[in-house]
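Turn these sequences into a full structure, and let the hints steer you where they fit.
Read top to bottom, the protein sequences are chains A and B. Counting from 28, one number per residue, gives the positions in the first sequence under the numbering used here. Counting from 28, one number per residue, gives the positions in the second sequence under the numbering used here.
Since the hints were made in silico from the structure, they are not lab data. Hints may be right or wrong, so weigh each one.
Chain copies aren't distinguished; within one or between two, either way the pair holds.
As the list claims (entries may be wrong) - Think about it this way: if two alpha-carbon atoms lie no more than 16 angstroms apart in a straight line, the pair counts; the simulated EDC-like pairs of lysine to aspartate or glutamate are:
{"id": "1", "residue 1": "304", "residue 2": "267"}
{"id": "2", "residue 1": "73", "residue 2": "58"}
{"id": "3", "residue 1": "304", "residue 2": "319"}
Number of protein chains: 2
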Amino acid sequence: MKTEVVAGIDIGGTNTRIGLVDKNGVILFSENTSTHAYDTPEKFVKDAARILREGVEKTGTSLIGIGVGAPSANYYSGSIEFAPNMPWKGIVPLAELISKEMQINCKLTNDAKAAALGELLFGDAKFLRDFVVITLGTGLGSGFVVNGEVMYGHDGFAGELGHVIIEHNGRLCGCGRKGCLETYVSATGIVNTAKEWLEFEGEKSELKNVSIDQVTGRLITEAARRGDLFALRLMDFTAEKLAFALANMVAVTSPSHIFLYGGLAKAGDLLLNPAKKYFDEYILRNYKGKVELKLSGLPDNVAVLGAAALGWEEAKR
Amino acid sequence: MKTEVVAGIDIGGTNTRIGLVDKNGVILFSENTSTHAYDTPEKFVKDAARILREGVEKTGTSLIGIGVGAPSANYYSGSIEFAPNMPWKGIVPLAELISKEMQINCKLTNDAKAAALGELLFGDAKFLRDFVVITLGTGLGSGFVVNGEVMYGHDGFAGELGHVIIEHNGRLCGCGRKGCLETYVSATGIVNTAKEWLEFEGEKSELKNVSIDQVTGRLITEAARRGDLFALRLMDFTAEKLAFALANMVAVTSPSHIFLYGGLAKAGDLLLNPAKKYFDEYILRNYKGKVELKLSGLPDNVAVLGAAALGWEEAKR
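Shown next, in the form of structure tokens:
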């Protein structure tokens, strides 16, 4: 008998990872593709299906379910709805499109909720009941576990922490409002800060060696790692905004742990240390010293594993 | 056989209500006392015990449990911890003090969580799974129900929405930090706004007929009800701050309903209508039109009922 696998698809604003995962959480096949390469969801689904079929053939497995994590995705409706950082606009019934194409049940959730599920099943959060995963990618996502269960909210849209407003009349956000957390704290956010500062300040930085349009989160992280003071100030500024929002969030759900995950979290201690310092300053006395802010210990594919876990849940019903 | 009852004690920053509640949620006895009349928790417990014993004698009932709701109270530890608006400072092991005095099991929770439990068991929230109760009293409390259960957080302190910071370097809060929601949105908050404005503005208002130290939330509400433009502006200002914080909170837990409860909520539509208007302006598109912001339909004693429900839970174990 062929080994049964479930597909875990982690759709980011920039990249998509597609994996085949067995019931022990082992990834048997994995491939990346660029989310922006597909101008319609239909084209994306066609190509994802091709990759999945190739993977199934290569591994000689039997595909019995599909789980997808994506920004602004709704667990209840199976749709991506008004995702500010995605190439596909409006309401996209992605679970239905994939189910039809593959003739297999597909379950969709928010990418950060998938990451939280991955942490709960395979990561440091295995025995935790109240924690949060913050994904720092193109945008900022969050997945909450409350009383040991993923919090979906009444409509499936709990955990849009990236769209908490932290600055009155702040930066314009993809959602149409101003001052949202993710306009400051995300790969895009830190790049925007860099651009603002590089334009107006006479400061020295190795980032000035590239054209302003070529500055990326990765370049900033690398410069900071080499001790570039400008890049370190960018990290400090970003960490302060993150810590402020997290301290406010703790006053709502009171988690024991906050895990940082995603591209910008790769800055590691360069981001984490100042974030911890400000977090401790901002947090209400009742919570002081109780909430652990740390980097996710899981590799990049935690969201693929989480998405697959969702697929397994559905396949076993 | 005597009718079994449970005591529900709702401790507010200003007043305390003590009730005896049967298992159908009928209040058989109720008495109020001033929280500030007792400079130590021990004196409070002695007097509350006296009131309870008198109530039990009067009603000829049998007291089998006690539930208490109080600001900054912790469900897990049974203590009130660093309550900014209470006469008793530090960590007060209130459940233990009451249990010892009455020789009956006592369970403690946050006053707003007690109100949420009251709404869930006896109010409009009977069939809801994700909702929030906001208590607008001396301070601002909040009780969250997530997936049909009260959210306590890992340490019992979930739902301190009054201490979400909404203004950088804003008003000094009892918690020692600056800009907390409750410094603007609470009976104390709206009075502080009135005082600030009355000092610096040449505006006409019937509130000028009393000395500035005598302005209360109730006087402001009454003036607004009579069409006093200054009082109406105070309501609008307060409603805007509330709506801003609620819109941000929705992006975390995504509740279907938000119930306003407590002294300041008695302003009714004078507060609710502007709050709804701003809430709709501030909220992320995904939630628009989905979240009902309304006044609690329950009478003042919902927190007593909720506290009693907690006592019943404990008594029946």
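Evaluated hints:
1. 304 x 267: within (9 angstroms within a copy, 31 angstroms between copies)
2. 73 x 58: within (15 angstroms within a copy, 69 angstroms between copies)
3. 304 x 319: This pair counts as within: shortest intra-copy Cα distance 12 angstroms, inter-copy 38 angstroms.
Checked against the numbered hints given earlier, the structure satisfies every one of them.
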